[in-house]
Amino acid sequence: MLEHGSALPDPDQREIVEGFARVVAVETGRVWLEPEQSGSCGGCHSAGLCGLGNNNPRRQAARRFPLDGELGLKLGERVVVGVNEGSLSRGAFVAFGVPLLLLVAGGIAGQELGGGDGMAFAGAMGGLAAGFLLSRILANVMSARGQLTPRFLRRAHAPGPDAGCHIDQG
Amino acid sequence: MEHYLLLIVSAALVSNVVLMRFLGLCSFMGVTTRVDTALGMGASTTFCITVSAMIDWGIEQYLLEPYGLGYLRTVTFILVIAAAVQFTEATVRKVSPAMFQLLGIYLPLITTNCAVLGVNLLLVEGHMNFIESTLFALASSLGYSLVMVLFAGLRERLALAEVPRLFAGPPIGFITASLLALAFMGFSGMSTN
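Same order as they appear, the protein sequences are chains B and W. Per the numbering used here, the first sequence starts with residue 1, numbered consecutively. Per the numbering used here, the second sequence starts with residue 1, numbered consecutively.
In case anyone wonders, no lab produced these hints; they're calculated from the structure. Be aware that one or more of the hints could be misleading.
Not the full set, but computed from the structure, chain W residues with beta-carbon under 10 Å of chain B [claimed, not checked]:
#1 Gly42
#2 Ala43
#3 Ser44
#4 Cys48
#5 Thr50
The following label-pair restraints were derived from C-beta to C-beta distances [claimed, not checked]:
#6 Tyr4(W) to Glu27(B): 33 to 43 Å
#7 Ser143(B) to Glu162(W): 14 to 24 Å
#8 Gly116(B) to Thr74(W): 20 to 30 Å
#9 Gly58(W) to Arg145(B): 30 to 40 Å
Over 12 Å on every C-beta distance to chain B, these chain W residues come out as not near it, computed from the model [stated by the list, open to error]:
#10 Asp36
#11 Gly40
#12 Thr45
#13 Leu160
#14 Ile175
#15 Phe187
Glycine included, every Cβ here is placed at the ideal spot set by N, Cα and C.
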């Protein structure tokens, strides 16, 4: 069993972006985690209004992810998980940058070929669709390499009874 | 091509959406405590601004303006932004569930980001064609992302600096933001657009 603070070594030796998650299901050789909203947005009091609060079970359930391996975690336990900092920027580029680049390229190509706004619009939509396709392929490659999957780092301290917001306690 | 280049520089730097037009200040102060969250928020916002601007341009040109429905502009644009955010969220989840875990948390914040609506309304004032409006939206949102990441980097350093107790936290953040805005005013002599 891994003790608190015994982080698994990062093979790339890069900066790791950490986040908190809670164990919501335990299976043989696998646990399911539900990420907690980090305290990075200062507007905790208005979290219910902007949709970022934890009070939306459907949104939270959609973000559950599995963690393979015998980690000895118990149901309800809080843990610290992490991804490489580079993964976040590469993920952002693949998810948003690639479709945007092809959208603009398609729009410009449409205008150059057709000369009108209608063709430019059609070209942009085509570029966006192609961008999503390329993004999906790149994301699958990254997933296969395990670059997008958060890793277990260590157990987290439980929040105190008066903790009204998710503050870093790892 | 020079025209497009000027448009991009003007939208991203000279008339920066955060520091010159003072839009999106809530997320500017709220999500810039760490560079990685600022980067995720910037990327998500860039995508949503560009896609919603593209759709809003079509609605404005082919529906609101021809039929004299300008009074419905704000409501319509808000609906389009909300739909664009939902569309983006669904698409990212479909394209890569793992990516959605990484970046999905920033998407709901965009719906309430006034910079998104602000850029869309600025496009109407500019009377631009499709490519110009798309490039303007893209450049404006890239300028927003640039400022978010710059400010997050400064705040990460400020968190480690010795700051007088009364200035610690948001006060020193606002002072830093004002200095950043002054620095960006240096770009104002670059273009007359």
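Does the Cβ pair Ser143(B), Glu162(W) satisfy 14 to 24 Å?
violated (43 Å)
- Message: Would the non-interface assignment of Phe187(W) survive a Cβ cutoff of 12 Å against chain B?
- Response: holds (23 Å)
Q.
Beyond 12 Å on every Cβ pair: is that true for Thr45(W) relative to chain B?
A. With a cut-off of 12 Å, Thr45(W) comes too close to chain B, as the shortest Cβ separation is near 9 Å.
### Check on Asp36(W) being off the interface with chain B, judged by Cβ distance over 12 Å
violated (5 Å)
Is the distance from the Cβ of Gly116(B) to the Cβ of Thr74(W) consistent with 20 to 30 Å? holds (28 Å)
TODO: Classify the label on Gly40(W) as holds or violated, using whether its beta-carbon is more than 12 Å from each beta-carbon of chain B.
DONE: At roughly 6 Å from the nearest Cβ of chain B, Gly40(W) sits no farther out than 12 Å, so the non-interface label is violated.
Tell me if the beta carbons of Gly58(W) and Arg145(B) are separated by a distance inside 30 to 40 Å. Holds - the Cβ-Cβ distance for Gly58(W) and Arg145(B), about 39 Å, lies within 30 to 40 Å.
Item checked: Proposed interface contact between Thr50(W) and chain B, which counts if any beta carbon pair is under 10 Å -> This interface hint holds because 6 Å falls under the 10 Å limit.
Is the interface hint for Gly42(W) satisfied, with its Cβ closer than 10 Å to some Cβ of chain B? Check passed: Cβ of Gly42(W) comes within 8 Å of chain B, closer than 10 Å.
* Asked: How does the Cβ-Cβ distance of Tyr4(W) and Glu27(B) compare with 33 to 43 Å: does it lie in that range?
  -> Once the Cβ atoms are compared, 54 Å apart, the range 33 to 43 Å for Glu27(B) and Tyr4(W) is violated.
- Go through the hint on Ala43(W) and say holds or violated, using the shortest Cβ distance to chain B against 10 Å. This interface hint holds because 4 Å falls under the 10 Å limit.
Would you say Leu160(W) is clear of chain B, with no C-beta pair closer than or equal to 12 Å?
It holds; Leu160(W) is separated from chain B by about 15 Å at its closest Cβ, greater than 12 Å.
Of the numbered hints given earlier, the model fails hints 6, 7, 10, 11 and 12; all others are met.
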